[in-house]
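Asker: Turn these sequences into a full structure, and let the hints steer you where they fit.
From first to last, the protein sequence lines are chains A and B. Numbering-wise (our numbering), the first sequence opens with residue 1 and increments by one. Numbering-wise (our numbering), the second sequence opens with residue 1 and increments by one.
Rather than coming from a laboratory, the hints here were simulated on the basis of the structure. Among the hints, erroneous ones may be present.
Pairs involving identical chains hold if they fit within one copy or between any two copies, as the list cannot separate such chains.
Below, simulated EDC-like cross-link-like pairs (lysine to aspartate or glutamate); rule was C-alpha separation at most 20 Å, straight line [to be verified]:
| id | residue 1 | residue 2 |
| --- | --- | --- |
| 1 | Lys46 | Glu116 |
| 2 | Lys2 | Glu47 |
| 3 | Lys46 | Asp110 |
| 4 | Lys41 | Asp4 |
| 5 | Lys2 | Asp110 |
| 6 | Lys2 | Glu111 |
| 7 | Lys46 | Glu104 |
| 8 | Lys41 | Glu111 |
| 9 | Lys46 | Glu111 |
| 10 | Lys2 | Glu36 |
| 11 | Lys41 | Glu57 |
| 12 | Lys2 | Glu104 |
Number of protein chains: 2
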Amino acid sequence: MKDDITRIRFDQNGLIPAVVQDADTGEVLTVAYMNEESVQKSVETKETWFWSRSRNELWHKGETSGNTQRIVEMKLDCDQDALVVRVLPNGPACHTGERSCFYETFFQNDEAAAAEQPGSILSKLERLIAE
Amino acid sequence: MKDDITRIRFDQNGLIPAVVQDADTGEVLTVAYMNEESVQKSVETKETWFWSRSRNELWHKGETSGNTQRIVEMKLDCDQDALVVRVLPNGPACHTGERSCFYETFFQNDEAAAAEQPGSILSKLERLIAE
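Answerer: So this is what it looks like as structure tokens:
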């Protein structure tokens with residue numbers, strides 16, 4: 001059964017990591033955490049709600065900034081302890097104003113980058129056009 | 001400075017979540033966890049190494065299955081507590097044989113799905129061609 005919250009295996013803190021991904025470009029925007037209530041709110045409102053581990057409170061993404069995220073689909077992984085949330089973002093995902101929180105390259109393998117399939121150029125072009 | 005491991009903020013268990021993403025298609029394959037040693041091994045070998053929380057051991061993805069993941073790029077998020085690892089996978093990511101661990105739809109918003117940009121059809125076509 002779909003959106004059956006009992007299927008989710010929350011961790012010892014009652015949380016599950018949620019990978020927020022741009023539904024159009026495939027770009028990973030944010031990794032945030034959801035508790036049971038934020039999963040329910042997300043399904044009800046079709047916008048992302050998280051649990052803020054630093055502020056210890058429920059957090060409706062975009063509530064103050066306006067940069068809400070409209071949910072297209074939520075996927076659960078094979079061991080039910082991680083979510084992918086595909087969204088249509090209404091503005092930047094990051095509090096810094098960057099589109100994605102993952103703007104910092106930690107390691108780059110130039111050889112493998114050169115071996116990426118030529119098809120992926122299409123994706124990149126598409127991402128550029130979308131901007 | 002790039003690949004400076006001291007920049008990473010590991011959690012109280014010495015771990016950081018790593019979102020493994022197909023570099024060509026953008027598909028999220030797996031969410032796994034890395035400790036300091038697995039980050040180092042990943043950078044050195046340019047293949048993914050994780051920390052298995054269930055087996056409590058270092059784990060070289062594909063060591064037994066052959067389904068290794070060649071690293072193209074590792075990205076760190078704005079608060080340095082999550083990684084995106086873009087890879088060229090050498091076979092399915094999931095132990096079930098599925099390409100991605102996220103094969104289960106938990107929630108779908110058909111209205112928003114219809115609002116996805118037409119451009120994304122190109123991505124989907126491209127993904128199909130790549131298969």
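Asker: It remains to establish, for every hint, whether it holds in the given structure.
Answerer: How the hints compare with the structure:
no., hint, in the structure
1, Lys46 to Glu116, "between (34 Å within a copy, 14 Å between copies)"
2, Lys2 to Glu47, "within (17 Å within a copy, 35 Å between copies)"
3, Lys46 to Asp110, "between (39 Å within a copy, 11 Å between copies)"
4, Lys41 to Asp4, "within (13 Å within a copy, 38 Å between copies)"
5, Lys2 to Asp110, "between (41 Å within a copy, 14 Å between copies)"
6, Lys2 to Glu111, "between (42 Å within a copy, 17 Å between copies)"
7, Lys46 to Glu104, "between (29 Å within a copy, 18 Å between copies)"
8, Lys41 to Glu111, "between (44 Å within a copy, 17 Å between copies)"
9, Lys46 to Glu111, "between (41 Å within a copy, 10 Å between copies)"
10, Lys2 to Glu36, "within (15 Å within a copy, 37 Å between copies)"
11, Lys41 to Glu57, "within (13 Å within a copy, 36 Å between copies)"
12, Lys2 to Glu104, "between (36 Å within a copy, 9 Å between copies)"
The structure fails none of the hints (numbered hints given earlier).
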